[in-house]
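Peer 1: Each residue of the sequence shown is one higher than the last, beginning at 1 in our numbering.
Hints are computed from structural coordinates only; laboratory data are not their basis.
Be aware that one or more of the hints could be misleading.
To be verified - No farther apart than 25 Å at their CA atoms in a straight line, the calculated lysine to aspartate or glutamate pairs in the DMTMM-like style are these:
| hint | residue 1 | residue 2 |
| --- | --- | --- |
| 1 | Lys323 | Asp312 |
| 2 | Lys323 | Glu281 |
| 3 | Lys293 | Asp312 |
| 4 | Lys74 | Asp113 |
| 5 | Lys293 | Glu322 |
| 6 | Lys74 | Asp257 |
| 7 | Lys326 | Asp312 |
| 8 | Lys19 | Asp40 |
| 9 | Lys326 | Asp40 |
| 10 | Lys19 | Asp112 |
| 11 | Lys19 | Asp89 |
| 12 | Lys323 | Glu291 |
| 13 | Lys74 | Asp250 |
| 14 | Lys74 | Asp201 |
| 15 | Lys293 | Glu281 |
| 16 | Lys19 | Asp113 |
| 17 | Lys323 | Asp305 |
| 18 | Lys326 | Asp304 |
| 19 | Lys19 | Asp286 |
| 20 | Lys326 | Asp305 |
| 21 | Lys323 | Asp286 |
| 22 | Lys74 | Asp246 |
| 23 | Lys269 | Glu190 |
| 24 | Lys323 | Glu308 |
| 25 | Lys269 | Glu281 |
| 26 | Lys293 | Asp38 |
| 27 | Lys293 | Asp305 |
| 28 | Lys323 | Asp304 |
| 29 | Lys74 | Asp112 |
| 30 | Lys326 | Asp301 |
| 31 | Lys293 | Glu308 |
| 32 | Lys293 | Asp304 |
| 33 | Lys326 | Glu291 |
| 34 | Lys74 | Asp108 |
| 35 | Lys74 | Asp13 |
| 36 | Lys19 | Asp108 |
To be verified - Pair ranges (Cβ atoms, derived):
| hint | residue 1 | residue 2 | range |
| --- | --- | --- | --- |
| 37 | Ala315 | Asp108 | 56 to 64 Å |
| 38 | Ala36 | Asp257 | 37 to 45 Å |
| 39 | Ala210 | Arg294 | 48 to 56 Å |
| 40 | Arg15 | Lys326 | 40 to 48 Å |
Even glycine gets a Cβ: it sits at the ideal position worked out from N, Cα and C.
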Amino acid sequence: MSSDLLAAAQGGDRRAIAKLLSLAETTGNAASKSGAADSDLMARVYQAAGSAHVVGVTGPPGAGKSSLVNALVKALRRRDLTVGVIAIDPSSPFSGGAILGDRVRMGDHGGDDGVFIRSLATQGAMGGLARPALDSVDVLDACGFRVVVIETVGVGQDEVDVAAAAHTVIVASPPGLGDGVQAMKAGILEIADIHVVTKADRADADQTAADLAGAQDLGLTGRQGRGDGATGWRVPVIATSANTGDGVADLAQAVIDHGQHLAVSGEDKARRRRIAFMRLESAALDHMRREFKRLAPDMADLIDDLAERRADPRAAARLLLEKALKPS
1 MSSDLLAAAQ GGDRRAIAKL LSLAETTGNA ASKSGAADSD LMARVYQAAG SAHVVGVTGP
61 PGAGKSSLVN ALVKALRRRD LTVGVIAIDP SSPFSGGAIL GDRVRMGDHG GDDGVFIRSL
121 ATQGAMGGLA RPALDSVDVL DACGFRVVVI ETVGVGQDEV DVAAAAHTVI VASPPGLGDG
181 VQAMKAGILE IADIHVVTKA DRADADQTAA DLAGAQDLGL TGRQGRGDGA TGWRVPVIAT
241 SANTGDGVAD LAQAVIDHGQ HLAVSGEDKA RRRRIAFMRL ESAALDHMRR EFKRLAPDMA
301 DLIDDLAERR ADPRAAARLL LEKALKPS
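Take the sequences, apply the hints, and build the full model.
Peer 2: Here you go:
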């Protein structure tokens with residue numbers, strides 16, 4: 001049954017793809033009822049993935065990331081590239097689901113079998129990109145989408161985590177960026193492979209592009225500290241407008257060019273290893289969180305010792321880790 005589902009999804013059955021994405025969201029969650037069969041299926045999905053060019057899109061709220069992604073998808077489709085999108089949305093405080101949803105995000109791509117868009121709720125996940133988002137990327141990758149775009153909320157750790165999860169990172173900055181030094185302190189600009197100034201039809205967009213280009217000349221933006229400086233990639237600054245379409249074709253070409261640069265320079269192997277390390281770390285932490293919840297009913301004495309200062313948190317954590325790792 002599970003093999004049939006994967007085969008159907010890889011054959012282009014959109015219902016099967018949607019079901020696999022639902023499994024990616026729930027498999028391994030402490031609250032889910034997923035079993036060994038679902039875990040085995042997701043393992044096969046992971047092994048079937050690895051061919052897609054994963055592109056992360058991040059930037060501050062209000063930068064117009066969703067409009068940018070919509071325009072980028074169109075431009076990539078004109079180049080006959082199939083595109084999957086994992087859009088991380090804020091969670092509804094009532095349902096816990098993604099607020100914007102797939103139907104709203106589909107927009108101009110409805111009926112295009114070469115595009116698949118999935119919205120995922122953050123559900124208050126701490127530590128940046130949650131495991132379901134990474135597993136969902138695997139699903140679209142395994143189903144043959146040539147480019148998979150991760151669009152982040154743009155708040156908190158996910159802005160930095162996307163650099164560890166993607167081959168190419170686009171940082172979207174709205175006009176009127178303000179104090180560039182303050183922006184760089186947030187660590188956002190430093191992760192860019194491609195800088196995009198959105199809303200380029202605004203009068204102040206040119207100044208923002210000039211500020212970013214100046215920072216680039218000073219070596220203050222881009223992933224210079226991650227090996228790319230030695231391999232010859234100069235981070236471009238591209239002004240785009242989702243309203244007029246200006247610059248979007250240039251952005252699509254820059255994404256393709258960066259993918260080719262990674263392959264020719266050998267940097268793609270280093271990035272794939274970074275992604276693998278990030279996935280391992282994420283899976284290990286996810287496992288530990290589940291074990292922590294499993295052991296919670298037996299923690300009363302340990303918590304009492306901590307509250308009365310008879311034990312310290314580090315020693316208690318080591319004890320808890322030993323219990324979690326002990327074969328049952």
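Peer 1: Can the restraint linking Lys293 and Asp305 be considered satisfied, given a maximum Cα separation of 25 Å?
Peer 2: 19 Å, holds
Peer 1: Within 25 Å, alpha carbon to alpha carbon, are Lys19 and Asp108?
Peer 2: Holds, at about 23 Å.
Peer 1: Does Glu291 lie within 25 Å of Lys326 when you go C-alpha to C-alpha?
Peer 2: Satisfied, since the Cα-Cα distance of roughly 11 Å is no more than 25 Å.
Peer 1: Can the restraint linking Lys323 and Asp286 be considered satisfied, given a maximum Cα separation of 25 Å?
Peer 2: Cα-Cα ~16 Å, so holds.
Peer 1: Would the pair Lys293 and Asp38 pass a check requiring their Cα atoms to be no farther apart than 25 Å?
Peer 2: Holds, at roughly 21 Å.
Peer 1: Between the alpha carbons of Lys326 and Asp301, is the straight-line distance 25 Å or under?
Peer 2: 19 Å, holds
Peer 1: Within a Cα-Cα threshold of 25 Å, do Lys323 and Glu291 meet the stated pairing?
Peer 2: 9 Å, holds
Peer 1: Please verify whether Lys74 and Asp108 have alpha carbons no more than 25 Å apart.
Peer 2: 9 Å, holds
Peer 1: When you check the alpha-carbon spacing of Lys74 and Asp113, does it fall within 25 Å?
Peer 2: Since the Cα atoms of Lys74 and Asp113 sit roughly 13 Å apart, the hinted pair holds (cutoff 25 Å).
Peer 1: Holds or violated: Lys74 with Asp250, Cα cutoff 25 Å?
Peer 2: 13 Å, holds
Peer 1: May I ask you to test the hint 40 to 48 Å on the CB atoms belonging to Arg15 and Lys326?
Peer 2: 43 Å, holds
Peer 1: Would you check the hint for Lys326 and Asp40, treating anything up to 25 Å between C-alpha atoms as holding?
Peer 2: 23 Å, holds
Hint violations for this structure: none, all hints satisfied.
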